[in-house]
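Novice: Residue strings, one per chain:
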Amino acid sequence: MAFDFYLSTMWSVLKALPLTLEIWFFGIAFGLLIATGLTWLRASGYKLGEYFTRAYVFIFRGSPLLVQLYLIYFGLSQFDFVRHSPVLWPILRDPMYCTIVAMALNTAAYESEIFRGALRAVPVGQIEAAKAFGMSAFTRFRLVTLPIALRLALPAYSTEIILMTKATALASVVTIMEMMGTAQKIQHDTFRPIEVLTCAGVIYLLLNLSIARIFAWVEYRLSPHLRPPPEQSQQIRPVPEVL
Amino acid sequence: MSANVAAAAKATPPPEDKSAISVRDMRKCFGDHEVLKGISLEAHKGDVISILGSSGSGKSTMLRCINLLETPDSGEVRVDGELIRMKQGRDGRQMPADIRQVERIRANLAMVFQSFNLWSHMTVLENLVAAPTHVLKRPRAECLEQAEILLKRVGIWERRNYYPPHMSGGQQQRAAIARALAMNPKVMLFDEPTSALDPELVGEVLRVMRSLAEEGRTMLVVTHEMGFARDVSSKVMFLHKGEVDSVGEPKEMFARPPTPQFKQFIANFNK
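First to last, the protein sequences are chains U and S. Each number in our numbering corresponds to the 1-based position in the first sequence with 343 added. Each number in our numbering corresponds to the 1-based position in the second sequence with 1 added.
Honestly, the hints are just simulated from the structure, not real lab data. Some clues are possibly wrong.
[Unchecked claim] Straight-line distance between alpha carbons at most 25 angstroms, and here's what the computed DSS-like set of lysine-lysine pairs gives:
id	chain 1	residue 1	chain 2	residue 2
1	U	K474	S	K138
2	S	K88	U	K474
3	S	K264	S	K236
4	S	K88	U	K390
5	S	K138	S	K153
6	S	K252	S	K264
7	S	K153	S	K187
8	S	K187	U	K474
9	U	K509	U	K358
10	S	K264	S	K88
11	S	K88	S	K236
12	S	K264	S	K19
Treat the numbers as computed from the prediction; the structure is a model and nothing was measured.
Make a model of the complete structure from these sequences and hints.
Specialist: Rendered as C-alpha cells:
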C-alpha cells in the first residue's frame, strides 16, 4: 500500500519535471545573458556602469528571491502603466514568465560576481604575454582571458546552477504546478506529507546529482593542466582545430 | 631565415636600414618615483645587447617600455626605423596613438618573460601555434610544422603535448623561447629569462639563447648572467638608478670597468 502510494506520487511529481526544467533552463539562460552584460558593464571601466552593477548586485543578492518573485508577480500589476503596456503585461500577468524573470534577475547578480572574481583571478602574466605577442584586445580575450576565467568560474557557477534548481520550487507559490506545486497538491489531497515530500526531495536530489556530475565532467575535461602530468607513454593528443 | 637576413644586413650595410631598435630619451615614472631618467639605446640588426643593473635600476621597465607593456612618459621608440606614434591621453599622460600599429610592432618583438607566462590552458604545441595563426594569420598546418621544428631545436619536442604546469622551469622557459621564435620576430626581448630558474636549469636555457645569438638574431637581454653578458653579447649596457651608466664592448667593459658604479656592480657578483 505504502509502496504503491510512493510509486504513484513519484510518477505524478515526475510528470511535473519538464515544467521544472523549463523554468530552470530559461531562468539560467536569461540569467547568464544578463550576468554577461553586467560583467561587461562592470569591467568596462565606466564609473556609471560600475555604480549600476554594484547597486544591482546589492538589491538582487541582498533580498530574498521570494520577495523579488512576489514583487514582480503581485506587485508590478498594481501599476496602471504595466497593465496597459502591450509589452510588459503579457509577460507580467503570466506566473511562468514572472518566475523566469525573477530567477534570471536574481541569478544574474550572483553570476556577475562570480565572473568578476574569475576575470580578476586570470594571471596578469598570461595576459601580458598575449599583449606582447601582438594580439588585439578581442583575440586576447577570446584565446587567453576567457578560457582561463571560465575554468576559474566553473566550480562557483555550478553551485549557483544547483541553487537555481532548488529555487524553481518557489514557482509553486505563484500557482505553477511544477514539481513542488504538484507535490503540495498531492499532500493537501492525501494528508501524507512525509511520503509526498520525500518523493519530491529525492527527485530534486537526483536532479542535482546529475547536474553536479555534468559540471564535474566538464571541469575535468577543461583542466588537464591542473591534474598530475600524464605518463610519458600516454596519448598523443591531436591539437584541436579551434583553440 | 632571420639568420640570412642578418647576415645579408652585415654584408651590405645600407646605413639607414641597420637600426633594429632605437630608443631616445625615454622617461618613466611610477607615481613620484622616476624609474627611467632619459634612456637612449641603439640596437643594430644582429646586435645582442645585455642590459645589466642592480634591481630597481630600471632595466626591466625599459624593456617593457619598448613593446609598450608599460607606456613611457616621454621619449621615442623606433622599431626597424618605424616610430611608435604617441599622443596625449585625457589624463595628460602619453598613450599610443594607434593601437593597431603597436600590435603590429609587438608581433615583431617577441618577448620572453622571467616567469615564462606560457598560456597554462594550452599544450606546448598550442602555445606555439596560437599567436602565429591568430596574429600573423598564417595557415595552421604550416605553423604546426614550424612549431615542431622549433621544439626539436630547443630540445622539448617530446613534451609538445604537455601542459606548461607539467614541465620544469627550464623546459617551460625553452618552450617560451620557442613560442617567441615561432613569430619569426625581428628582435627578441628577454626579461631576466633565467632569474626564476633553479641554478641547475639555467644552463639549458642559456645554451638555447647562445645558439640564437650565434645565428645572428637581434636580442635585447635583461639579465644577471655575467657569463652570458661577457661571452655572448656584442654590447653591454649598464643601467644605474634609471640612467645609462655605461655602454661598451663586453670584454673591454669587464676587463676595465669604465665607471666606479659598474666596477662595484661586477665586484658584488664576483664575491
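Novice: Mind checking the alpha carbons of K88 of chain S and K390 of chain U for me, to see if they're no more than 25 angstroms apart?
Specialist: Holds - the C-alpha atoms of K390 of chain U and K88 of chain S are around 24 angstroms apart, at most 25 angstroms.
Novice: Assess, step by step, whether the Cα of K474 of chain U is no farther than 25 angstroms from the Cα of K138 of chain S, and give holds or violated.
Specialist: holds (16 angstroms)
Novice: Are K252 of chain S and K264 of chain S close enough, with their CA atoms no more than 25 angstroms apart?
Specialist: holds (14 angstroms)
Novice: Below or equal to 25 angstroms on CA atoms is what counts here, so check K264 of chain S against K88 of chain S.
Specialist: violated (40 angstroms)
Novice: Does K509 of chain U pair with K358 of chain U here, judged by a C-alpha cut-off of 25 angstroms?
Specialist: The hint holds at about 17 angstroms.
Novice: Given the proposed pairing of K264 of chain S with K19 of chain S, does the C-alpha separation stay at or below 25 angstroms?
Specialist: Violated: K264 of chain S and K19 of chain S sit about 31 angstroms apart, past 25 angstroms.
Novice: Take the C-alpha atoms of K153 of chain S and K187 of chain S, compute the straight-line distance between them, and say whether it is at most 25 angstroms.
Specialist: holds (21 angstroms)
Novice: Against the 25 angstroms threshold, does the CA-CA distance of K88 of chain S and K474 of chain U hold or violate the hint?
Specialist: Given that 25 angstroms is the threshold and the Cα spacing comes to 20 angstroms, the pair holds.
Novice: Just to be careful, I want the Cα atoms of K88 of chain S and K236 of chain S compared with a cutoff of 25 angstroms; is the pair within it?
Specialist: With Cα atoms ~32 angstroms apart, K88 of chain S and K236 of chain S exceed 25 angstroms; violated.
Novice: K187 of chain S and K474 of chain U were given as a pair; does the straight-line alpha-carbon distance stay at or below 25 angstroms?
Specialist: holds (17 angstroms)
Novice: Does the structure keep K138 of chain S and K153 of chain S at a Cα separation of 25 angstroms or less?
Specialist: holds (23 angstroms)
Novice: Take a quick look at whether K264 of chain S and K236 of chain S sit within 25 angstroms of each other, Cα to Cα.
Specialist: At roughly 17 angstroms apart (the allowed maximum being 25 angstroms), K236 of chain S and K264 of chain S satisfy the hint.
Of the numbered hints stated above, those contradicted by the structure are hints 10, 11, 12, listed in ascending order.
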